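Engineer: Line by line, the protein sequences give chains A and B.
Numbering of the first sequence is given in the working numbering, commencing with residue 1 and proceeding in unit increments.
Numbering of the second sequence is given in the working numbering, commencing with residue 1 and proceeding in unit increments.
Mixed in with the good hints, there may be bad ones.
What the hints assert, rightly or not - With a straight-line Cα cutoff of 25 angstroms, these simulated DMTMM-like cross-link-like pairs (lysine to aspartate or glutamate) come out: (1) B:K238 - A:E22; (2) B:K168 - A:D100; (3) B:K282 - A:D134.
Worth flagging that the hints you see were computed from the coordinates, not collected in a lab.
Bear in mind the structure is a predicted one, so any value in this text is a computation, not a measurement.
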Amino acid sequence: MPELRSALSSHIASGRFGAPGEQLVFSEQPLGTLIQFSGWRGSFETAARPVMTRLGLDGIGAFDRAQASDKALAFRIAPERLLLRLASASDWAAIAPGIDAAQTPMLDLSHSRTVLRAAGAAARDLMARLMPIDFDAQAFAPGQFVQSGIHSTGVLVHRAADEGGAPVFDIYMPRSFAASLWDFVTQTALPFGYRMETEVRPGR
Amino acid sequence: MSGQPNRLAAGGRIDRGATFTVRFDGHDIAAHPGDTLASALLANGVRVVGRSFKYHRPRGVFSSGVEEPNALVQKHSGPRAEPNAPATTAEAFDGLEAFGQNGWPSVAFDMGAVSGFFSRLLPAGFYYKTFVGPGQGTAFWMFCERFIRRAAGMGRPTEAPDPDAYEKVNAFCDVLVIGAGPAGLSAALAAGRAGARVMLAEQDFVLGGSLNDEPAGGAGDRWRDEVVAELGAMANVKIMPRTTAFGAYDGEVYGLIERVTDHLAEPPAHQPRQRYWQVRTKAAVMATGAIERPLVFGNNDLPGVMLAGSVRRYLNRFGVLCGRKVVLCTTNDSVYPLARELAAAGAAVTVLDTRKDVPIVLAAGLNVLAGHAAAEAHGGKAVRAVSIGAIDANGHIGGARRIDCDLLAVSGGFAPTLHLWSHPGRRPLYDAARLAFVPDERQTPLLKCAGACTGDDSLSASIDAGFAKGAEAARLAGQTHNAGAAQRVDIKETGWLRDAGSVTAFTGGKAKAFVDLQHDVKTSDIALAHREGYVSVEHMKRYTTTGMATDQGKTSNLNALSKMAELRGLAIPQVGTTTFRPPYTGIAFGAIVGHETGHHFRPTRLSPMHDWHAANGAKFIDAGLWERAWYYPQAGESVRDAYIREAAHVRSAAGIVDVSSLGKIAVQGPDAAEFLDRVYTNAFKSLKVGRLRYGVMLRDDGFVLDDGATARLSETEFAMSTTTANAAKVMSNFEHLLQTAWRSLKVQVTSVSDQWAALALAGPRARAVLQKACGASCDVSAAALPNMALAYGEIAGAPVRIHRMSYSGELAYELFIPAGFGQSVWEALMTIGAEFDLRPYGTEAMGALRIEKGHVAGGELDGRTTMKDLALERFASAKKPFIGSVLRKREALEDTARPSLVGLASIDRATPLKSGSLLFSEGIPVAGHGEGHVTSTTFSPALGAHVGLALLARGQARVGEVIRCVDLLGGSTVRCRVVAPCFVDPEGARQNA
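So that you can see chain A by itself, here it is in the shape it has in the complex (with noise of 0.2 angstroms):
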């Protein structure tokens, strides 16, 4: 198999950077299989449904809020549109024989996207500099997305669980723009002060 490399692999060191103190700690999230699921209005729940139950989610779910089971993440992003995180390939393998392509069409997105994760007392300080988005809270709890923009890109922006009582934020981003955005996102976080971490850890 050949190498995958990260768009942020020749950008990125690991240390600690800006002001002193570590409010902020950024890694690079594996991707793992990204598939977009789709379908058309009036018949799109009722075709995903067995799918989704494979998956141990219920239903298509709501426009805020992920589902979440051992084997996927599931983001609905338009009314007829899925976009899965599978943590193993094998598991849609699995699957996507048994699916109508035709009824409902498939398309692999796992290199599309750059999972950059930013954790830490000053994560939701961080989040309010860069999307014009309510972190507060109780206004985006753990399990929450977002689809908005960081610096005039479209990203995603998921609030996974928290980590030792502290926000954590998976910004999903296009692939070609990581390098520019990882960029603008470290330079807004350097008043906090942050830790890179380059070793890739799994994490949902």
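Guided by the hints, dock chain B onto chain A, whose structure is given.
Structural biologist: Here is chain B on its own, set in the frame of chain A:
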């Protein structure tokens, strides 16, 4: 205190335990924590701090806040230099350096003051007169313009890069309270207790507003401290001093600027200098106070003429006695507490009250001249005396007598600060009882107003109103906890509205009487505007420039309106107001820009193979947001040398180019083919699985939108390519159509530009390279993979989709690789291709190759060309409708005289053509727009000559003709022969090999 002649020995709210030094115009000035630059200057006896805009008259500190029209200084020098900073709001700190403006060699002694002798030639609008002569045309104006332009402006910005960082923050809250005076603090308290998320913004560096104008240590301070302590303990309240709300926008959005480290010599490492907050709130309370209205009389601009409320602030907040022989001139009761406090501090005080009846309780113990006012101030660089006298009902003073003074403090009442309220285009109401314009809350259900900004003149009323409005705002935001009751403060109040006089301009003096201090606008200028017919408030403003300076008329608007109303015989509301627009006070561009500067001016997109290009010496060029490999120079090569070499190598051996920036769209669904039939001019339903087809897309109006190749991957799935430039536009158009006009189509379109790395292998040896790379995974022979077919293979273990198609005119393949493997596959191809002399080429060589083949690209697809113009009609189906199919047949677009695509060959072969050159037949004058223009040019390695593509009127009928390419900007002409646009291998034998 030694060295500070005007600093009182006690009192004020400064920290006398610490002293530091600021510098003004090279002189050391002692100051204390809590001082502003203005208070430090006044304490140290500095009277002249600036020179006026037009007449270079000496000017001193006039006020104590953002309304300051005179004391505008340059803060700092070098790259942090900030012009036009009001000294009255500049927080003093150790090492602060400031400079007077508009005076040479200094504001204390200014050569520019000679312009005052020519003031009769420089009334308002004098430059307009130069437009009409003397003499013919605009010659006189153009002569004068040089001098006027040099004299215009106030302050000089630095051209050095800004060394500081700025931040932008999005904030959301339930209630935004603007202003932390008594009304604002009370509003924040109510809203906070009600459970609302509250942001409290205060432009000053201390909280309390007008409470800080009272003598220190009193009930006001205790009330303020208790309220601030309670607010500080609430986790749901954010207190933001040094934060100005500069703009109010639709949807309850407010812009705030926080001066994070402006009060420090340098921001600490990694910290911003300023922070721009974009606040989205559910409701707001405006408690922005009021600005004192000046009085208008002769020489009312002399240093030492100040607003009375500001004199009180300097006395009680900063411990500065601004004068020892003080004349207070007032239309209202507000100056009487000041009069007593000045007397207690040792000043001799005379009160001129324009009203004939002054209550004994106010005047007792003071020297009060009722029914009197100031006609003219006297002095050179500071006020020394004032002519005073009895005034009639029209404000005229006859028989004035002179009295000595060193401070003339004036009060014409108070105008509510309602700029923010007006920003979204609202017009305030005129309240005759309050002698001022006030906000109309009926127009703003989610913006409440409290305190002096509503015209209230009572402290207790302001506190009560603030509390009520804060609670109401919290309710509007859905927070309904019981806020309790407002906390009162026990202060002896002196409101100003009782029997306040309405006349604020006095005549009887001979000297200039200023309405707008910052722009040197006099009452005579208002009268001039009226005489010349500029009587509407909008015309008066622009003709005289009153209200157009950095203070936006905060101290001049009402007096100017009043003067025009008097001249026109109207009431003030009938004259109206101009529009207040953001920003309320000047804001730095840096704060608005934040991090979006330099290489972050816009985001950048990088190919999956970018690192390889960089490591191998590529030079890059911007293609939209993409950074693309432009050329790979060898030692000493210019871009021209490199692209000629690279293009020639593709035609003779093999080249590899990164085309990852091309738009890539997945089109899926049972109606995918129908969809493509509608968006492309040619048929796609008939395209077989495993084949690709070149397609052209039109706009609704019949002009060409884009072109590209689309592959059919299955019965219901297609992979579309678009140009780099139009990828987003095409994708957006598709989504629009599927969500509106074509909702019944079962089609999903998805951008997959980031999913795939893409490269092209081109040249006579391309097949050999590819076959060796794919090995047994894919047969890429001519028979197995004919032109415009696709196949799947594997290179270096990575899956690859192979399209056989050519942009260069050579035997060529486009490879699509999952992006994460893109660089690995590229590296593998380079290694395998070494045997065949495979070399990389960039976009410049790619452009040369496609021009040689006559393939259209950006220069030809500029939105003004049709299929007919570009000889692409053969791609238009006659059997089906498509977007643009009707309007492309408009009579004007079918005109055979329209410019159409041709090739141009430089007659002498060596002279390059210039893109954009206009085309003219030989023998006709070079005039007008010519007969067409050059769209693309290159040196053709294949032909060894300069060639180009062009759009020429009736072009296809003029092959063989010699014409001229005229570069009007560069001043050159090149003779060219009109040829067919395809210069190399028109039969296509090379690409079909």
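Engineer: If a hint holds in the structure, say so; if it doesn't, say that too.
Structural biologist: Right, here's what the structure says about each hint:
| no. | hint | result |
| --- | --- | --- |
| 1 | B:K238 - A:E22 | 23 angstroms, holds |
| 2 | B:K168 - A:D100 | 47 angstroms, violated |
| 3 | B:K282 - A:D134 | 13 angstroms, holds |
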